[in-house]
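K.L.:
Model the full structure from these sequences, guided by the hints.
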Amino acid sequence: MQACLDELPSLMQQLEKRMERITSDYVINKQFIKIKFQDFMQTTVEMISQAAELNNFNSLCKEGFARGKKPVRLLGMGVRVSPKDPDAETDNKVDSHGKDEQLSLIPESTEEQSV
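Take this note's numbering: the last position of the sequence shown gets the number 115, and nothing is skipped along the way.
Hints in this document: simulated from the structure, not taken from any laboratory.
A few of these clues could be false.
Cut-off 30 Å, straight-line C-alpha distance, at most; resulting in silico cross-link-like pairs (DSS-like, lysine-lysine) [claimed, not checked]:
#1 17 with 84
#2 30 with 62
#3 17 with 36
#4 30 with 69
#5 62 with 17
#6 70 with 36
#7 36 with 69
#8 36 with 62
#9 30 with 84
#10 30 with 70
#11 30 with 17
Each pair of labels, with its calculated beta carbon distance range [stated by the list, open to error]:
#12 9 with 86: 29 to 39 Å
#13 23 with 47: 21 to 31 Å
#14 3 with 24: 33 to 43 Å
Predicted model only: the values in this text are computed from it and were never measured.
Beta carbons are placed, not taken as given, at the ideal position from N, Cα and C, and that holds for glycine.
P.N.:
Structure (structure tokens):
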């Protein structure tokens with residue numbers, strides 16, 4: 001688990017760079033961690049949050065790891081966003097997944113698309 005926690009600051013920097021691509025038309029409403037274990041089982045842990053905060057990602061990572069307690073093969077983090085004004089046109093710089101949208105740091109080869 002410590003190796004995963006040690007990777008979070010680097011992943012956070014990458015996520016922050018990706019978040020620069022979205023406009024101020026969006027607000028963060030959740031942040032999440034996705035863990036794929038060595039046996040290809042996976043878990044996603046999310047929490048309501050209005051900002052991407054490293055200490056929250058640390059807590060989510062610990063919670064997710066506790067679910068599997070196995071070696072980890074892939075670790076991802078992201079935020080779910082929604083338009084500030086749901087009626088306004090947006091620039092499609094995030095992927096649509098239902099009514100909320102997300103900006104994640106998970107390789108596109110996984111089931112969810114990244115921005």
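K.L.:
None of the hints should be skipped; say for each whether it holds.
P.N.:
Hint-by-hint comparison with the structure:
Under the criterion of a C-alpha separation no larger than 30 Å, the hint pairing residue 17 with residue 84 is consistent with the structure, at around 21 Å. At most 30 Å may separate the alpha-carbon atoms for a hinted pair to count; residue 30 and residue 62 meet this at roughly 17 Å. A threshold of 30 Å between alpha carbons decides the hint, and for residue 17 with residue 36 the separation of about 23 Å falls inside it, so the pair holds. Only pairs whose Cα atoms come within 30 Å are accepted, and residue 30 paired with residue 69 is accepted, the gap being roughly 24 Å.
A threshold of 30 Å between alpha carbons decides the hint, and for residue 62 with residue 17 the separation of about 24 Å falls inside it, so the pair holds. At roughly 10 Å between alpha-carbon atoms, residue 70 and residue 36 fall within 30 Å of each other, so this suggested pair holds. Under the criterion of a C-alpha separation no larger than 30 Å, the hint pairing residue 36 with residue 69 is consistent with the structure, at around 11 Å. In summary, the hint linking residue 36 to residue 62 is supported, as the alpha carbons are separated by about 14 Å, within the 30 Å threshold.
Among the hinted pairs, residue 30 with residue 84 is consistent with the structure: their alpha-carbon atoms are about 14 Å apart, no more than 30 Å. Taking the CA atoms of residue 30 and residue 70, the gap is near 26 Å; set against the 30 Å cutoff, the hint holds. With a CA separation close to 18 Å, the supplied pair residue 30 and residue 17 stays within the 30 Å bound. One distance hint, 29 to 39 Å for the beta-carbon pair residue 9 and residue 86, holds here, with the actual separation near 33 Å.
A hinted range of 21 to 31 Å holds for the C-beta pair residue 23 and residue 47, which are about 24 Å apart. Checking the proposed 33 to 43 Å range against residue 3 and residue 24 shows it holds: the Cβ atoms sit about 35 Å from each other.
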